[in-house]
Amino acid sequence: MNEITPTREERIERLQGMGCKRKRVEDVRFVQGKGNYVDDLKLPGMIYGDFVHSPYGHARIKKIDASKAKALPGVIAVLTAADLKPLSLHYMPTLAGDVQAVLAEEKVLFQNQEVAFIIAEDRYTAADAVELVEVEYEALPVIVDPFKSMTKDAPVLREDIKDKTDGAHGKRKHYNHIFAWEIGDKEGTDSAIKKAEVTVKELISYQRVHPSPLETCQCVASFDKIRGELTLWGTFQAPHVIRTVASLISKIPEHKIHVIAPDIGGGFGNKVGAYPGYICSVVASIVTGRPVKWVEDRIENLSTTAFARDYHMTAEIGATKDGRVTALRVHVLADHGAFDACADPTKWPAGFFNIVSGSYDFPVAHVEVDGVYTNKAPGGVAYRCSFRVTEAAYCIERAMDILAQKLGMDPAELRIKNLIRREQFPYQSALGWEYDSGDYHAAMKQAMDAVGYAKLREEQKSRQAAFKRGETRELMGIGVAFFTEIVGAGPSRNCDILGIAMFDSAEIRIHPTGAVIARMGTKSQGQGHETTYAQIIATELGLPADDISIEEGNTDTAPYGLGTYGSRSTPTGGAATAMAARKIRAKAQMIAAHLLEVSEYDLEWDVDRFRVKGNPERAKTMKEIAWAAYNRVPPGMEPGLEAVNYYDPPNMTYPFGAYICVVDVDVDTGVVKVRRFYALDDCGTRINPMIIEGQIHGGLTEAFAIAMGQEIRYDESGNLTGPSFMDYFMPTAVETPKWETDWTTTPSPHHPIGAKGVGESPNVGGVPCFANAVNDAFKFLGSTHIAMPHDNWRTWTVAEKLGLHG
Amino acid sequence: MAKTHVTMKVNGASVEALVEPRTLLIHFLREQLNLTGPHIGCDTSHCGACTVDLDGKSVKSCTVFAVQADGGEVMTIEGIAAADGTLHALQEGFREMHGLQCGFCTPGMITRAYRLLKENPKPSEDEIRHGIAGNLCRCTGYQNIVKAIEFAAAKLSGATAREAAE
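Here the protein sequences line up with chains A and B, keeping their order. Okay, so the first sequence: first residue is 1 according to the working numbering, each after it adds one. Okay, so the second sequence: first residue is 1 according to the working numbering, each after it adds one.
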């Protein structure tokens, strides 16, 4: 050989495998405007769907007159519940065991509920026709406050189930009650709180928000009458689940349904569920025989599909006088809107809210959740978090701060005192989880050192004194949050969606030249899967990432998977990828042994090749083995080099982090300026540090949006106040703070590559960190808990109530 | 609805077409000209995903009628790279500095940054942040978008791009 033999390090570098900041493969098309999103799709004969919405929050439908709309040139049909009912499609099952109206039948239950579906030649005509449908309503009393749902004289919201005493999760207490769920030791907790030297109790509400990815929900349905086959392109975070649900609802055999999720413009939980628009588009295509496109506009997005949170949590902590926590009790009133369309694993009506004991060593705890109906949009999705985990983190992190205040302790000191210790892992939480790994104290120390925590507190003290002397009108707040996430749903023993276990999958095929195609059951919406999965395979198989294509989103070609949400891609899909690669490597080892005429046990793996132990010159590279797999396999062995793996994780993964934020609050304007935000994340093994950092920036920005301004608000009559980007807070580059990121690495002991998932951590930790910072600014003046969002008006109001405006 | 005849230059090529007077420029570009780079994100001209360049200015093409562009010169993301396919410094910068994730805001963001750098070839970080305030991104938190634009500004002025951005 003439070529200079590359060193081991050079060979590793050439692979662009795990741990390197590989540039993203996806970007090449995105920066040139050549992404392929649903609305970019154009099919011959394609027509358009659009909804008529209810202006009322709660009303009886007396009459729908679509004659004027139907008479408009270009209008093909108008669907109402009356058209769907004979097909039993006027209701659809939800992932939470409830049903949801596809088109309102007798009543509308929330403002902007879908009432009729127009099908027209183009979108302008469809929009014109929407205005021509005349609907007569009789207004009914409205419930927007979940605390009023279960009163004695509350109006019946769901007439379709009013006599059902059993819901999907047991007995219902009231006709507007959905479920009650409890976990933990009630007796032990009650008694520990009774005996506690110190207790705190606070109603901590997490307002209703919406994920609002920049691309709204949309689909194109195309039914081929000759073949009896349906192709459905859509913004689906879980394309296989959509296929199964579509088959169960439509009765079209599952092999005759082709679901394709092309490039997706952000998801954040908004694109997990099935929506009326998908069903109506499918029906419309079957009826008309033409492809039908449906694209939500932004108001529809914010007002109909997939709200998040609306969790009203009453938290109580018992503790000793010196600050050791002894018990945690939480009651949650969960506002699910008009239909229970939560996208949680089926057995978990409150998601994984029982992570609410957080990062602390609570000896005993008890949680109860009541879900109720209101006249609001359905949803309850996990907006950039695992199921109800951000609610839990906000609850415990606020409650810990409130306890610290009562004890007169520094919030960081209180946390350090109660953090689960390194030697306690794997840690059994009082609420039933087994935390896999962590070194919380090290992370906390690193964070406090990085920001100079003690100095910050000193500065705060002198500024408080200056404020009291009237020398400044600014308050300084320091927010501390230490969060533990629970992601990667999940083990089949306790996680399924409609009976399908929440595994995920990977199929890897090595071509004769050593080039690779791999397909996964997950689906990127911006996470960069095409880049990172290839890095895992590159390291596992010693083939360059640039020679590996990753394909997702086509249910005909990808192995079945449960999709991408709840930070599950790396914990499940990433694990499946590593396991499939290892199957291939095991076969490759046998082929290499055959080629080198040694026993396979005499071989060892070396970056990109198998070499003979003690004689490293004798080796076969993976590329050579790939070629041989198609012409020189050992006698009796099947040719080819490919594998598929369906990975059922033994446990969830538990990423964690320590965040510290410094804010300056102008008491006269209510403006909260974020001076500094430091985020330390531990997501286990890091696959691509560049992508991790990018996801943390993005998640922190979404946390900032939620904590500082986002709210989907209804007035007393059930009217949405401001469901567009004019009013719903979307931070621009100007108000978005600058982020400092840091990390520790504690691999997950049960994951094949030790990775835990990261995309949602910054939202989970960020929200309470901002909230704690704002609260911290005011607490020396006697304020205990200020509800989110901390927009200028609310913050100003707090100052006003504290008498700071003279 | 009666249609109106329009002619304009789009990415350097002359086009003529019949459009309804109410047709928005974004729909004309995406559906009649198949230029699907610019996107629709909000309908209220807040998000900037539909940003294109019209007669030397950034416009949100969801708030401009196609007839208003009659006789004008339009440039979309598809017209930013060189004729031989070489990426523009901004396109390179966005990839180098990880200035995008889902890619949905990216065409509008790059097209906006293109005009920003024409108006102000050496913007400060603050000027960049204000200069792109009409374009929303839900994924990146903007920090790396700012770096990407700094990268491009440096490259276009002949400096060592990466160092300037970092």
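No lab work stands behind these hints: they were computed from the structure. Model, not experiment: these values are computed from the prediction. Treat the hints with caution; some may be incorrect.
Only pairs whose alpha carbons sit at most 25 Å apart, straight line, appear in this in silico DSS-like list of lysine-lysine [what the hints assert, rightly or not]: (1) B/Lys155 - A/Lys70; (2) A/Lys162 - A/Lys152; (3) A/Lys34 - B/Lys3; (4) B/Lys9 - A/Lys21; (5) A/Lys738 - B/Lys155; (6) A/Lys225 - A/Lys195; (7) A/Lys256 - A/Lys225; (8) A/Lys34 - B/Lys118; (9) A/Lys34 - B/Lys155; (10) A/Lys195 - A/Lys85; (11) B/Lys3 - A/Lys42; (12) B/Lys122 - A/Lys738; (13) B/Lys57 - A/Lys34; (14) A/Lys23 - B/Lys155; (15) B/Lys118 - A/Lys42; (16) A/Lys68 - B/Lys57.
A short list of chain A residues far from chain B (calculated; beta carbon distances all over 10 Å) [as the list claims (entries may be wrong)]: (17) Thr80; (18) Arg298; (19) Gln424; (20) Thr669.
Here are a few chain B residues that face chain A, going by a calculated C-beta distance under 7 Å [as the list claims (entries may be wrong)]: (21) Lys3; (22) Thr36; (23) Gln68; (24) Gly72; (25) His98; (26) Gly103; (27) Phe104; (28) Thr140.
Idealized CB from N, CA, C, for every residue including glycine.
Each hint tested on the structure:
no. : hint                : result
1   : B/Lys155 - A/Lys70  : violated (57 Å)
2   : A/Lys162 - A/Lys152 : holds (14 Å)
3   : A/Lys34 - B/Lys3    : violated (30 Å)
4   : B/Lys9 - A/Lys21    : violated (40 Å)
5   : A/Lys738 - B/Lys155 : holds (24 Å)
6   : A/Lys225 - A/Lys195 : violated (70 Å)
7   : A/Lys256 - A/Lys225 : holds (11 Å)
8   : A/Lys34 - B/Lys118  : holds (24 Å)
9   : A/Lys34 - B/Lys155  : holds (24 Å)
10  : A/Lys195 - A/Lys85  : violated (58 Å)
11  : B/Lys3 - A/Lys42    : holds (22 Å)
12  : B/Lys122 - A/Lys738 : holds (21 Å)
13  : B/Lys57 - A/Lys34   : holds (23 Å)
14  : A/Lys23 - B/Lys155  : holds (19 Å)
15  : B/Lys118 - A/Lys42  : violated (34 Å)
16  : A/Lys68 - B/Lys57   : violated (42 Å)
17  : Thr80               : holds (25 Å)
18  : Arg298              : violated (4 Å)
19  : Gln424              : holds (34 Å)
20  : Thr669              : holds (20 Å)
21  : Lys3                : violated (12 Å)
22  : Thr36               : holds (4 Å)
23  : Gln68               : violated (17 Å)
24  : Gly72               : violated (20 Å)
25  : His98               : holds (5 Å)
26  : Gly103              : holds (3 Å)
27  : Phe104              : holds (3 Å)
28  : Thr140              : holds (5 Å)
The structure is inconsistent with the numbered hints 1, 3, 4, 6, 10, 15, 16, 18, 21, 23, 24, although it conforms to all the rest.
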